[in-house]
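Q: Spelled out from the first residue to the last, the chains are:
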Amino acid sequence: MAVCVAVIAKENYPLYIRSIPTENELKFHYMVHTSLDVVDEKISAMGKALVDQRELYLGLLYPTEDYKVYPSHQLCRYGYVTNSKVKFVMVVDSSNTALRDNEIRSMFRKLHNSYTDVMCNPFYNPGDRIHSRAFDSMVTSMMIQVC
Amino acid sequence: MADAALFEFLHTEMVAELWAHHSDPGPGGQKMSLSVLEGMGFRVGQALGESPPGPTASAWPKRLSLPPPPPPRLPQETLAFREELDVLKFLCKDLWVAVFQKQMDSLRTNHQGTYVLQDNSFPLLIRMAAGLQYLEEAPKFLAFTCGLLRGALSTLGIKSLVTASVASLPTCKFQVVIQKT
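Chains X and W supply the protein sequences, listed in that same order.
The opening position of the first sequence corresponds to residue 117 in my numbering, with each subsequent residue numbered one higher.
The opening position of the second sequence corresponds to residue 17 in my numbering, with each subsequent residue numbered one higher.
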């Protein structure tokens with residue numbers, strides 16, 4: 117399902133980033149970074165229009181030439197912004213199953229709930245990297261089907 | 017449902033504890049305690065500012081068979097705020113209901129970045145007195161709430177300065193001044 121999950125703070129630095137095929141981690145970091153531009157563009161385009169809080173968009177279908185391990189995977193990137201301008205970016209592998217919109221939305225909702233739990237933890241300082249094991253296990257459950 | 021009483025007791029004890037160790041009863045020591053309280057409120061406000069979809073406050077009484085409810089979640093319909101006034105309205109309605117089980121009674125603004133939120137029966141003061149008795153003691157019980165408002169505003173992207181004033185218990189006013197950078 118999800119191949120990479122990232123939580124980006126308001127100031128555009130990562131609070132949490134994790135990807136499944138660990139040998140290509142840098143590539144995922146780069147993908148998430150480039151998605152941020154698209155996210156920012158969407159946020160500023162919202163402007164005065166009345167839009168739903170959940171911003172869901174289909175990212176670029178990433179070219180697969182340099183993806184050595186799984187040659188025919190198509191990676192889609194989805195974004196989600198909270199009211200506090202914290203962004204969640206998820207890279208999903210859409211070649212085996214076509215993930216429906218609802219499933220992506222529910223994954224983001226779970227992420228958002230877990231993120232709120234992390235925020236409510238008094239031992240967590242906003243702006244730090246997220247080290248919560250509960251958050252880790254929730255993300256693992258979303259990524260576990262891959263490979 | 018019991019959360020409200022627990023929070024009130026905890027808050028009362030927090031204020032009492034911070035004032036008990038006052039070796040310096042002058043304005044310097046007092047300011048320290050007020051800042052500590054305000055800081056605590058700020059952190060709580062930051063956490064409350066995150067608003068995932070969740071059960072609304074009014075849904076809780078119906079679900080008596082469930083385990084204790086999670087930390088107050090704000091209603092599902094909190095959309096992306098288009099302007100400051102929307103954020104303030106959110107504070108007055110949803111945040112106040114989530115923390116104090118009632119809405120703020122009035123919100124006034126001068127449209128230039130200053131908002132006055134008035135609560136006619138503030139839950140943290142209502143147990144103390146009704147009138148002018150204990151007027152000098154009241155400000156310490158408002159510091160935490162000022163921090164709460166400031167924290168929630170800061171997660172929603174607004175830098176502000178929040179002060180509180182009491183004319184007669186239990187009515188109190190919170191003045192929010194938006195800092196333009």
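Check the hints yourself; a few may be wrong.
What the hints assert, rightly or not - Okay, derived cross-link-like pairs now, BS3-like style, lysine-lysine, Cα gap no bigger than 25 Å in a straight line:
| id | chain 1 | residue 1 | chain 2 | residue 2 |
| --- | --- | --- | --- | --- |
| 1 | W | 156 | W | 118 |
| 2 | W | 189 | W | 105 |
| 3 | W | 47 | X | 126 |
| 4 | W | 47 | W | 105 |
| 5 | W | 47 | W | 156 |
| 6 | W | 196 | W | 175 |
| 7 | X | 201 | W | 156 |
| 8 | W | 189 | W | 118 |
| 9 | X | 158 | X | 126 |
| 10 | W | 175 | W | 156 |
| 11 | W | 189 | W | 156 |
| 12 | W | 175 | W | 189 |
| 13 | W | 175 | X | 158 |
| 14 | W | 175 | W | 105 |
| 15 | X | 158 | X | 143 |
| 16 | W | 189 | X | 201 |
| 17 | X | 126 | W | 175 |
| 18 | X | 201 | X | 226 |
| 19 | X | 201 | W | 47 |
| 20 | W | 196 | X | 126 |
| 21 | W | 105 | W | 118 |
| 22 | W | 109 | W | 47 |
| 23 | X | 126 | X | 143 |
| 24 | X | 201 | W | 105 |
Said to hold, decoys possible - Distance ranges between label pairs, derived from CB positions:
| id | chain 1 | residue 1 | chain 2 | residue 2 | range |
| --- | --- | --- | --- | --- | --- |
| 25 | W | 44 | X | 159 | 58 to 64 Å |
| 26 | X | 226 | W | 44 | 34 to 40 Å |
| 27 | X | 225 | W | 175 | 38 to 44 Å |
| 28 | W | 22 | X | 222 | 30 to 36 Å |
| 29 | W | 173 | X | 226 | 23 to 29 Å |
| 30 | W | 187 | X | 225 | 48 to 54 Å |
| 31 | X | 127 | W | 55 | 20 to 26 Å |
| 32 | W | 109 | X | 153 | 32 to 38 Å |
| 33 | X | 153 | W | 118 | 29 to 35 Å |
| 34 | X | 222 | W | 132 | 38 to 44 Å |
| 35 | W | 145 | X | 219 | 19 to 25 Å |
| 36 | X | 249 | W | 48 | 46 to 52 Å |
Treat the hints as calculated values from the structure; they're not laboratory data.
Positions of the beta carbon are idealized from the N, C-alpha and C atoms, including for glycine.
Q: Against which earlier hints does the structure fall short, listed by number upward?
A: 3, 4, 7, 16, 19, 22, 25, 26, 27, 30, 33, 35 and 36
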